[in-house]
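Participant: Fit chain B to the supplied structure of chain A, relying on the hints for placement.
Here are the chains, one letter per residue:
Number of protein chains: 2
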Amino acid sequence: MSSAAFDFVPLLPAGLPPPAARWTGRVKYDFTGGNNDADGLPLEGLIAAADAVLRREGRTLSTYGLASGPQGYRRLREFLVAKLKADAGIACGADDILITSGSLQAIDLVNGTLLARGDTVVIEQDCYQGSINRLTRLGVTLVGIPLDRDGMRLDALSSALDDLKRKGIRPKYIYTIPTVQNPTGTILPVERREAMLRLSEAHGVPIFEDDCYCDLIWSGERPPALYAMSKRGGVIHIGSFSKSIAPALRVGYIVAPWDVMSRMLALKTDAGTGALEQMVLAEYCATHFSRHVPALRRSLRAKLETLMESLNEHFGTAVEFDDPKGGIFLWVKLPDGVDTMKLYEPALAAGVAINPGPQWSVNQGHARSRMRLCFASPSHEEIHQGVAALADVCRREFGVPASSLSDLKT
Amino acid sequence: MSSAAFDFVPLLPAGLPPPAARWTGRVKYDFTGGNNDADGLPLEGLIAAADAVLRREGRTLSTYGLASGPQGYRRLREFLVAKLKADAGIACGADDILITSGSLQAIDLVNGTLLARGDTVVIEQDCYQGSINRLTRLGVTLVGIPLDRDGMRLDALSSALDDLKRKGIRPKYIYTIPTVQNPTGTILPVERREAMLRLSEAHGVPIFEDDCYCDLIWSGERPPALYAMSKRGGVIHIGSFSKSIAPALRVGYIVAPWDVMSRMLALKTDAGTGALEQMVLAEYCATHFSRHVPALRRSLRAKLETLMESLNEHFGTAVEFDDPKGGIFLWVKLPDGVDTMKLYEPALAAGVAINPGPQWSVNQGHARSRMRLCFASPSHEEIHQGVAALADVCRREFGVPASSLSDLKT
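Residue numbers (this note's numbering), protein chains in the order written: chain A, 2 to 411; chain B, 2 to 411.
Derived by calculation from the structure, the hints in this document are not laboratory data. Glycine is no exception: its CB is placed at the ideal position from the N, C-alpha and C atoms. Treat the hints with caution; some may be incorrect.
[Said to hold, decoys possible] Some chain B residues near chain A, calculated using beta-carbon distances under 7 Å:
| # | residue |
| --- | --- |
| 1 | Phe-9 |
| 2 | Pro-20 |
| 3 | Asn-36 |
| 4 | Leu-44 |
| 5 | Ile-48 |
| 6 | Ala-49 |
| 7 | Arg-60 |
| 8 | Leu-62 |
| 9 | Ala-196 |
| 10 | Ala-247 |
| 11 | Ser-263 |
| 12 | Glu-278 |
[As the list claims (entries may be wrong)] From chain B, some residues computed to sit far from chain A (all C-beta separations above 12 Å):
| # | residue |
| --- | --- |
| 13 | Cys-93 |
| 14 | Ile-237 |
| 15 | His-289 |
| 16 | Met-342 |
[Said to hold, decoys possible] Only pairs whose alpha carbons sit at most 25 Å apart, straight line, appear in this in silico SDA-like list of lysine to any residue:
| # | chain 1 | residue 1 | chain 2 | residue 2 |
| --- | --- | --- | --- | --- |
| 17 | B | Lys-232 | A | Leu-13 |
| 18 | B | Lys-232 | A | Arg-57 |
| 19 | A | Lys-86 | B | Ala-6 |
| 20 | B | Lys-29 | A | Leu-13 |
| 21 | A | Lys-232 | B | Asp-8 |
| 22 | B | Lys-166 | B | Ala-95 |
| 23 | A | Lys-29 | B | Ala-95 |
| 24 | B | Lys-29 | A | Arg-57 |
| 25 | A | Lys-166 | B | Lys-29 |
Chain A with its partners taken away, still in its complex shape (with noise of 0.2 Å):
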């Protein structure tokens, strides 16, 4: 018998994705990800949350699910209710909501219960990773409608839905972030909200609402949510406590008809989301969410603040963007000879991380030379030694800022 390790490659299906790297620890200017400001987080809130929750109920961990069924956490569910009632206009009860291990698993449980291999779905052109990924991997066909400083142009929607029912295709969803679109920031309008949601009973296509970033808007004033406003119940909500509370607390949550809810559910086959989590946001949020947002954004708007201060000061012209409304990231336009995806490595080298466009776009054109810069995580000081780092590196790579402005400017 040979002594050579266990060969597992012969044993691996097609299609694997390739395998990861290994981890090998934070980079230093980190504009990536959808991490929050460590200095935003509730954390005396959340310690005086988890002794009180678990003082009162910890004995329910022993039980799966706690004492609440598999939909979740049933106090979490009723501050969901609360909020969603307040902040989005959503009517809905406790039974309508799913609680999920972070808005990515919703995600997974709305594809898992919708699509197969073949199918076409709808979905802004510059859109969330996280989304794009899964559906190409689904074998998906993506139908990417542009945007601009008002979200998804809701003409282009209707030529593309157009389009697809004269070739006899019907999507499965139009997949939409409309309040602080990921990456372009941007919040739809109601008018436009009103407008999709005819197109979608029109066309009979339902829309998957990802609202994951509705909390984080700087004037505190959205809209109301597309499930909200749908007057026959064709969308899909979800929403998440990632970029409210702590994105490492995985909990995220599903808003949907029981006809749907109920196919979701029969997906979720995890044995239920995270009890102590689920205990600890709900015992916190019911009575400090309120309070607690309007200081995070706060703190987000200054850090914003500081990366566009710093895009200017060590770009110049060399760089277009649109202050966004609310979020945690900003979409720059480099110059057109700059691809962000060759950009990409040197900035690594350097210590700078950044999420190049054509990552986070299905119009591979239009993204190349735009990229994604996250700002909640790192601190102003990185922020503007990140952004100071990443500026030389450019202009090494791509002659462009043309020279080093911050040296003029001084």
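Facilitator: For chain B alone, kept in the frame of chain A given last:
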């Protein structure tokens, strides 16, 4: 435009599982599921651990994966390195471990990495329902190997592998729960482990070792893990904190060689397992695990004795079972005339939930008159009353036990 509710049904793909039923609350006498002894939950210790770990490093919750990368909280992996070495003889490092959202996600990741529709796997004939259901849903052929009082029969495994080889079929893995098998409660002796490893290597079929009950052995002594005994590394090992600490904390783990670990990691697209649960478990277990588990074992053993006494009292000679060597369940044989699939509904109507044997076996004939009774969660009084109620239902439906034995004995 019609005002009827949006109809999702035409959009559902083929092959979905049936819709879930609405949850109607817990059953009075619940002998199903891996629920644990609420009195055995180390609540004070968990509360103290939550406070300590959050005060020390709670702000890392603002970062996906804490500061530990995608394989899970480093201190929890370090606890596991020490525990697996001390208990199971496994020599591994923190980078050989992937923390998962319960051992169910571990099973999903192993299956996702190795299986395609049409594949074959070898499993214990009577086996964990969650594993059977997953494999069935994936379109995999299950070859069941009979068990005796020492677990999987190696003569039968040898014959099955030879038979498959003659047919040109190389199974993707041998799935086994060798240490407190679910549902039989057996423990595979060292000699059988050696023989299983020889067969695994000879046939080039890896072993998938599910060790999630291994902490709950009455004697406290367990054989080394197959993973530890393997010379060539053809074993994937998984475990869980559900049985030793609390099931609602959704934390399990995989130990595997990097060439297969890197594939599983690429499929773990959930942005991490719940961080608070990992942190609290690591903090608690590092100092308390080795004292907590023996106390839990004693309370479980006492409940098992109540269950066996109750069965003898109310069913008399109409039940057969072996006293299991550990765990939280008893595998019970009723007279041949009893079909436990048909016992299930009337028992439930009487407030008693059981696991019918055919749901826990790939041999429907063998399992027809068997059932699994879980004893960790109900109180001693509930066990006694629930078994009495079950005996009444069984007598009414199937004529056994023949008369009210408890009456005769008084």
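Participant: Please go over all the hints and tell whether each is borne out by the structure.
Facilitator: Hints, one by one, checked against the model:
Satisfaction of the interface hint for Phe-9 (chain B) is found here, the shortest Cβ-Cβ separation to chain A being roughly 5 Å, below the 7 Å cut-off. Nearest Cβ of chain A to the Cβ of Pro-20 (chain B): about 4 Å, under the 7 Å cut. The hint holds. Restraint check, Asn-36 (chain B) versus chain A: the minimum CB separation of about 5 Å is within 7 Å; hint holds. For Leu-44 (chain B), the suggested interface contact is upheld, since its CB lies about 5 Å from the closest CB of chain A, less than 7 Å.
The restraint placing Ile-48 (chain B) at the interface with chain A holds, with a minimum CB-CB distance near 5 Å, inside the 7 Å limit. Evaluation of the Ala-49 (chain B) hint against chain A yields a violated restraint, the C-beta minimum of about 10 Å exceeding 7 Å. Taking 7 Å as the C-beta contact cut-off toward chain A, the hint placing Arg-60 (chain B) at the interface holds, the least distance being around 4 Å. Because the closest C-beta pair between Leu-62 (chain B) and chain A is about 4 Å apart, less than 7 Å, the hint holds.
Proximity of Ala-196 (chain B) to chain A is violated relative to the hint, the smallest CB-CB distance being about 14 Å (cut-off 7 Å). This hint holds: Ala-247 (chain B) has a C-beta 4 Å from the nearest C-beta of chain A, less than the 7 Å allowed. The interface hint given for Ser-263 (chain B) is met, as the beta carbon of that residue sits about 4 Å from the closest beta carbon of chain A, less than 7 Å. With a least beta-carbon distance of about 5 Å to chain A, the hint placing Glu-278 (chain B) at the interface is held under the 7 Å criterion.
Listed as outside the interface, Cys-93 (chain B) is consistent with that label: its C-beta sits roughly 14 Å from the nearest C-beta of chain A, beyond the 12 Å cut-off. A cut-off of 12 Å between C-beta atoms contradicts the statement that Ile-237 (chain B) is not in contact with chain A; the least separation is 9 Å. Remark: the non-interface label on His-289 (chain B) is consistent with the geometry, its nearest Cβ contact in chain A lying 15 Å away (cut-off 12 Å). A cut-off of 12 Å between C-beta atoms confirms that Met-342 (chain B) is not in contact with chain A; the least separation is 20 Å.
Only pairs whose Cα atoms come within 25 Å are accepted, and Lys-232 (chain B) paired with Leu-13 (chain A) is accepted, the gap being roughly 21 Å. Among the hinted pairs, Lys-232 (chain B) with Arg-57 (chain A) is inconsistent with the structure: their alpha-carbon atoms are about 49 Å apart, more than 25 Å. Pair hint Lys-86 (chain A) plus Ala-6 (chain B) holds up; C-alpha atoms about 21 Å apart against a cutoff of 25 Å. For a cut-off of 25 Å, the pair hint linking Lys-29 (chain B) to Leu-13 (chain A) is broken: about 45 Å separates their Cα positions.
Taking the CA atoms of Lys-232 (chain A) and Asp-8 (chain B), the gap is about 13 Å. The hint holds against a cut of 25 Å. Only pairs whose Cα atoms come within 25 Å are accepted, and Lys-166 (chain B) paired with Ala-95 (chain B) is rejected, the gap being roughly 37 Å. Of the pairs offered as hints, the one joining Lys-29 (chain A) and Ala-95 (chain B) holds, with about 23 Å between alpha carbons and a cut-off of 25 Å not exceeded. Restraint check: the Cα-Cα separation between Lys-29 (chain B) and Arg-57 (chain A) comes to about 22 Å, which is no more than 25 Å; the hinted pair holds.
The straight-line distance between the Cα atoms of Lys-166 (chain A) and Lys-29 (chain B) is roughly 53 Å, outside the 25 Å bound, and the hint therefore fails.
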